[in-house]
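Chemist: Listed below, chain by chain, are the residues.
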Amino acid sequence: MIEAILEPFKYDFMIRSLVTAIASGTMLSLLGPFAVNRNMGFMADAMAHATLPIIAVGVFFGFSISELGVPASVLIAIFLGFIIKNTNIGEDTAIGIIFSSFFALGFVLISILDVTINLEDLLFGQILAVSTFDVFIVVGMCLVVLGTMIIFYKQLLFYSFDPIGAEVKGLNISFLNYLFMILLSVAIVASLQTVGIILVLSMLLIPAAASKLVTNTFNSSIRISIVFGVFSSVTGLYLSYFFNLPSGPSMSLVATSIFGLSFMISKIKRVKT
Amino acid sequence: MNSEQINTKKSRSIIVSDGACVELGNDLVLDDVTFSIDQGKKVAVVGPNGGGKSTLFNAIVGLLPLANGSIKIDGKNPQEAKSLISYVPQKDFMNRSFPITVNQVVGMGLVDKNTFFNSNNRESKNKISTSLKSVGLLDQIDTNINNLSGGQFQRVLIARALTQNAQIILLDEAFSAVDVGAQEDIMNIINKNDLDSKTVLIATHDINNLEERFDEVLCLNRHCCAYGKPSEVLTEKVIEEMYGSHSAMFKNHTLNSHGETND
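Residue numbers (the numbering used here), protein chains in the order written: chain A, 1 to 273; chain B, 1 to 263.
Everything labelled a hint here was simulated from the structure, so no lab data went into it. Here the structure is a predicted model, which is why all the values come from computation and not from measurement. Warning: the hint list may mix true and false statements.
Which stretches of chain A does chain B cover? Using the computed rule of at least three CB atoms under 8 Å from a CB of chain B, they are [as the list claims (entries may be wrong)]:
hint	segment
1	67-79
2	163-177
To spell it out: a stretch of chain B is covered by chain A in this simulated footprint if at least three of its residues, at any positions, have a beta carbon under 8 Å from a beta carbon of chain A; those stretches are [claimed, not checked]:
hint	segment
3	95-103
4	116-128
DSSO-like mimics (lysine-lysine), calculated; alpha carbons at most 30 Å apart, straight line [said to hold, decoys possible]:
hint	chain 1	residue 1	chain 2	residue 2
5	A	Lys267	B	Lys91
6	B	Lys42	B	Lys76
7	A	Lys85	B	Lys91
Glycine included, each C-beta is placed from N, C-alpha and C at the ideal position.
Given only the sequences and the hints, what does the whole structure look like? Please build it.
Modeler: Below is the structure:
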C-alpha cells in the first residue's frame, strides 16, 4: 500500500505535479468560501475564460503560460472590476459579455497567429507537464494569496458581509474589492495548468460548497474547504497517474464525490435532529 | 456633575442639517431639509416610500454628497465623523447567507482600515460580550446568524454599534419583517440606561405607537414636513403632507385614538 502511494514519486515530474496540485488546491479552496457566499462563481468562470486571448498573444511572443500568469490575472481582475462598476447593464450581463467575447477572441487569435497551444491541455489541465519554473510560480502565488488573506481576513469578511456598513466604518472598500478580485484571478490563472480553463471552477466552488454543507461556521468552512480541496487535487493526481487520465477532470470528479458524500451526511444529520 | 451641567450636556445638538439637498441623477430626493437633533434623543424617521429616509441616512454617514446646504455631525462634516456613527442598512444590503457567528458580526464594530490578521485580544473580547449583554444575546455568541430571527439579528447589529462605541446609531427599516414583540424588545434596548447618551435614529414606515416609543419624530417627504415630539408633530395636516391622499388610512390610527373619532 505504502509502496503504491510512494511509487509515483520516484519520478521528478510527479514530485513537481504533487507540489503544484497542493498549491493550487490550497489557494482555490481558500478563496472558495468567499466566492460561494458572494455568488461569484460566474465571475470566476469569466476570469478563467478571459485568459485565452492573453495566453494566445503571450505564447506568440515566446512567453510561457506561467510567465504570463501574474500580469494576465491582474489585467483581467482590474478590467472586469472596472466594467462591472461603470456599466449599468447588470453584473451578470456584463460578465457574460466579457466571458464569451474574450473566449471567442482567444480562439480567433490562436488561429490567426498560428500559435502552437495544446488546447485540450489548456481547457482541461495537464499537471504532469509542469516545469520546475511553473512550480515556483504556482507555489509563490499560493504564498501570496495565503499571506494576503491572513492579513486582510477581518476586513474582507466585513466587506463581503456588509459592504455599506464597512464603507461607513471607514474601510477602503474599493481597495478591498479589487484586492479580492486580483487574488481570485491570481489563484485561477496560476491553477490553469493543473485543472484547465473550464474545470478550474470546480476546484474553486465544489470544496467550498461541500464544506458549507458539513459545518456551521465560516472559519471552519475555510479550513474544511482547504482539506477537501487539497485531498481532491492530490487524489486526482494519483488517478491521473495510475489510470492515465487527464488531471483536471480527475480532480474535479474527486471533488464532486466529496460534495456528494457531504450532501448525504448533511441530509442524515438533518433527519436525526 | 450638577443638574445644570447634565442639562447642558443633554441639549447639545449632535446632528444638524441646514437646508440639505441631495440629488440622485436629476431627481432632487432631499429638498432643503432642516432639523437639529440633540444628543441622546431617540428619533423615528417616518415618511412614505421614496420619501428620502434612506437617502437622508446615506447623507448623514457621508456616502452621498450634498448638492446644497450642510449636515454637521457633532460640528464635523460627515466624512470626518465616520467613527461616531454606526449605520445598519436595510437587511437586503447585507449578505446574510454568510455563515458567520454573532461573535464575528459584533466584532466587526472593532474592525477599521488598520485591522489586520484574525485575532481578538482580551479587551476586544470583553467589549463584544458587554455589548451582547446589553442586547440580551450573550448566550447566542457562537450562534450562526442564519439561525437568528429578524428581531435578534437587529439586536446583534445594535450590539455591533455598541462595540464600536458609536455615539449615533442609524437603523434603516429596523422594524420591517419583525413582529410586534421583537419590535418592543428592540425599543426596550434602545431606551435602556446604557444607551442614554446614544442618539438613535430609526427609519420606519410604521407611524403607530410613535409617542410611546420615541422622544421625537422626523417627518420626511423629500423635505422635512415636521420635527418634534410625536404628540405635537403628528397632526392631520403633517400626515396628509407626507402620505397625501392615503392619509385617511392613518387618520384614525394615530395619537392613541386607534379607531375613535377625534372630533
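Chemist: If a hint holds in the structure, say so; if it doesn't, say that too.
Modeler: Against the structure, the hints:
no., hint, in the structure
1, 67-79, "violated (count 0)"
2, 163-177, "holds (count 10)"
3, 95-103, "holds (count 6)"
4, 116-128, "holds (count 3)"
5, A:Lys267 with B:Lys91, "holds, 29 Å"
6, B:Lys42 with B:Lys76, "holds, 21 Å"
7, A:Lys85 with B:Lys91, "holds, 22 Å"
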